[in-house]
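**Q** Spelled out from the first residue to the last, the chains are:
2 protein chains.
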Amino acid sequence: MAIERSSPTMLKKSRLFTPGPTPLQPAVQEALARPILHHRTDEFRAVFKECTAGLKQFLKTDDEVLILSCSGTGGMEAALVSVLSPGDAMLALVAGNFGERWAAIGRAHGMAVTVLEAEWGDAVPAERVAEALDRDPRIRGVFVQLSESSTGAAHDVEAIARVTRGRKDTVLVVDAISGAGAMRLETAAWGVDVVVVGSQKALALPPGLAFVSMSSRAWAAAERAETPRFYFDLARERKAQAAGESAFTPAISSVVALRAALAFVASMGGVDELVRNAGVLGASTRAAAQALGLPLVAPRAHGDALTALYAPSGVESGAIVKALKAEFASTVAGGQGKLKGQILRIAHLGYYDATDILGLLATLEIVLRRLGHRFDLGAGLAAAEAEYLRLTP
Amino acid sequence: MAIERSSPTMLKKSRLFTPGPTPLQPAVQEALARPILHHRTDEFRAVFKECTAGLKQFLKTDDEVLILSCSGTGGMEAALVSVLSPGDAMLALVAGNFGERWAAIGRAHGMAVTVLEAEWGDAVPAERVAEALDRDPRIRGVFVQLSESSTGAAHDVEAIARVTRGRKDTVLVVDAISGAGAMRLETAAWGVDVVVVGSQKALALPPGLAFVSMSSRAWAAAERAETPRFYFDLARERKAQAAGESAFTPAISSVVALRAALAFVASMGGVDELVRNAGVLGASTRAAAQALGLPLVAPRAHGDALTALYAPSGVESGAIVKALKAEFASTVAGGQGKLKGQILRIAHLGYYDATDILGLLATLEIVLRRLGHRFDLGAGLAAAEAEYLRLTP
Chain A
1 MAIERSSPTM
11 LKKSRLFTPG
21 PTPLQPAVQE
31 ALARPILHHR
41 TDEFRAVFKE
51 CTAGLKQFLK
61 TDDEVLILSC
71 SGTGGMEAAL
81 VSVLSPGDAM
91 LALVAGNFGE
101 RWAAIGRAHG
111 MAVTVLEAEW
121 GDAVPAERVA
131 EALDRDPRIR
141 GVFVQLSESS
151 TGAAHDVEAI
161 ARVTRGRKDT
171 VLVVDAISGA
181 GAMRLETAAW
191 GVDVVVVGSQ
201 KALALPPGLA
211 FVSMSSRAWA
221 AAERAETPRF
231 YFDLARERKA
241 QAAGESAFTP
251 AISSVVALRA
261 ALAFVASMGG
271 VDELVRNAGV
281 LGASTRAAAQ
291 ALGLPLVAPR
301 AHGDALTALY
311 APSGVESGAI
321 VKALKAEFAS
331 TVAGGQGKLK
341 GQILRIAHLG
351 YYDATDILGL
361 LATLEIVLRR
371 LGHRFDLGAG
381 LAAAEAEYLR
391 LTP
Chain B
1 MAIERSSPTM
11 LKKSRLFTPG
21 PTPLQPAVQE
31 ALARPILHHR
41 TDEFRAVFKE
51 CTAGLKQFLK
61 TDDEVLILSC
71 SGTGGMEAAL
81 VSVLSPGDAM
91 LALVAGNFGE
101 RWAAIGRAHG
111 MAVTVLEAEW
121 GDAVPAERVA
131 EALDRDPRIR
141 GVFVQLSESS
151 TGAAHDVEAI
161 ARVTRGRKDT
171 VLVVDAISGA
181 GAMRLETAAW
191 GVDVVVVGSQ
201 KALALPPGLA
211 FVSMSSRAWA
221 AAERAETPRF
231 YFDLARERKA
241 QAAGESAFTP
251 AISSVVALRA
261 ALAFVASMGG
271 VDELVRNAGV
281 LGASTRAAAQ
291 ALGLPLVAPR
301 AHGDALTALY
311 APSGVESGAI
321 VKALKAEFAS
331 TVAGGQGKLK
341 GQILRIAHLG
351 YYDATDILGL
361 LATLEIVLRR
371 LGHRFDLGAG
381 LAAAEAEYLR
391 LTP
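Line by line, the protein sequences give chains A and B.
When we follow our numbering, the leftmost residue of the first sequence carries the number 1, and every step to the right adds one.
When we follow our numbering, the leftmost residue of the second sequence carries the number 1, and every step to the right adds one.
Chain A on its own, in the form it takes in the complex:
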């Protein structure tokens, strides 16, 4: 095969275009390489407090944001077990693989899970949430993704929060693991009760930390919640973290690196600029995809954290993913769950710039041409550049 012959002779730099992990920000790499601090010291407490303050700005809230040493899924579980008791009714909005995870965590802890499903690629509209809550007033929690990473679709969290925030006994828990920092999220202004974020997404850190913000409504629910919990006991964390410590040994180097990551976001002008960056890169990618004949998985409900694309007719998406890796050492994500083997996913969240994305799109054109797809070379780039120019006048 042609690609096999040519690939050994060209230099290739490993690049991740996956929606987590994302490329590490260089200041993060430097921070990770430093000698370790001890976590029960004033020096580390100062770092920790800077981080929690920075996370509040990142999530646009005055609520406490807790730092947990676990993956994003751990943060999801911590949030769920902290606001619900076994047997509680909960609503899981399922528009893809990660929506299913909310339902699975709820079932694992004995919750009465009602699922509101959307076609993969679509999102569950706020009206359906309102109807479901009207139908079953016992529902104590609504669980949703800001960005559904398996399809690139986004939920209208602002509209959903408008539904939940008037209902005293129902909290809104948002998995913003891949959405925060890539799409608009006004935690306080919208009235979102719990937000969960992962470190390996827009903040461009390695995986290993999760961040959970809790509103006063969420803390009230936590006081009532009887789900057994120890490591994920957020009330215990709240007490410790008020003093600049975590309840248990934290991932120290990752916290030091988190400070560097938050400083980088601040240096860009704050989270709004990072969101705008992902928005421009996402729009440019969608423009290229349309010009090249790669249909969007989420044409109506797309977010900006990533773009999920079907292969053009006659080409297998798996072949595209493999060829980008083999010839250019660029890793784009394939499909998950029921979209496995059918799509490719290109990340925009985090530490990506226009040169990254335009370079990837050019190599995508080369790979599509090798795989026999018919289009005018350069057409995707022309569309992406035009969209970039339109959005950055």
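Since the hints were made in silico from the structure, they are not lab data.
Incorrect hints may have been included.
To be verified - Listed below are several chain B residues computed to face chain A (Cβ distance under 7 Å; list not exhaustive):
hint, residue
1, THR9
2, MET10
3, LEU11
4, GLU223
5, PHE328
6, THR331
7, GLU365
8, GLY378
9, ALA382
Stated by the list, open to error - Among chain A residues calculated to face chain B with C-beta under 7 Å, some are:
hint, residue
10, THR9
11, LEU11
12, GLU223
13, PHE328
14, LEU358
15, LEU377
Every residue, glycine too, gets a C-beta built ideally from N, C-alpha and C.
With chain A fixed as given, assemble chain B onto it according to the hints.
**A** Just chain B now, with coordinates in the frame of chain A:
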């Protein structure tokens, strides 16, 4: 100005597309970050010997290759003072800024310098070297650049060596600082007497090391040469380096990193593959330049270490350089010497891959459009991708 408004809001990664320094290879970065070794130890001697062995492969010679702790210019001076005596006649082939450096070093040491000049952008043909040597048989050394970094032009070193190698008392000294590893160089097979290389070029190290290979003819000249020298006394270095040490304190971390750089070249399949890589990237860049209406500075004599381009009519090259830096944090080189302010130069030597160069070319299109140049968006990319596909079937 539009660029000023848009640039603060988009993420930008600093990228060097300059013909030295070039981006550091990651294994080099890791090696540089290690704790220091002592240089008078068996551990370091083993590293040093691995490096000199690897450099022989890199330069395709069995001649000793000496490692000097200095910049490339230091390597040039070491070579010149080692093979000539004050008052000796020497021939400097001057096709640009770095050719002038050979003449300047010669004059600084009292040599009788004859200059063979070419128009900047052209190269001095081997026939003119033969004529000059016939005219003045006292000439003891011919000094030339493999790649003239100020114009992107290349000398036909193979043909020039055919002229010099039959003349017993005339050595050929090649500045391959930016050429080695980016263009064909068969030191032994062509009969090149002295080759000078710098670390911050194709080997993707920081500046600080120079490498000098010396043939037996060159060593014979060194025995006769009476130019005063101490730090640049290559005979002294030869003796020390045979034992895996340098005569004076070496740039230890850079030598450790050099081993990593040479291992990377070996992992690609050897220097021929690195040369091929630069060749494909150079050809793709030239194709894009033609499609976009940016004339080559060296249309007939171009090398592959870098591409030097004039701005399209109506656009200032300095504005292009500035805009790439301001909007995308990409640094391309401007002109040097008499081409200052007139051209831009894009590097291909070293640690660059297709994604890098295609990404840069896309941002170049965006910048050209902003600066008012008229062309079809995507035209440069279409040409570059087509050329890439043609050369990597």
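**Q** Would you list, in rising numerical order, the hints stated earlier that this structure does not obey?
**A** 4, 6 and 12
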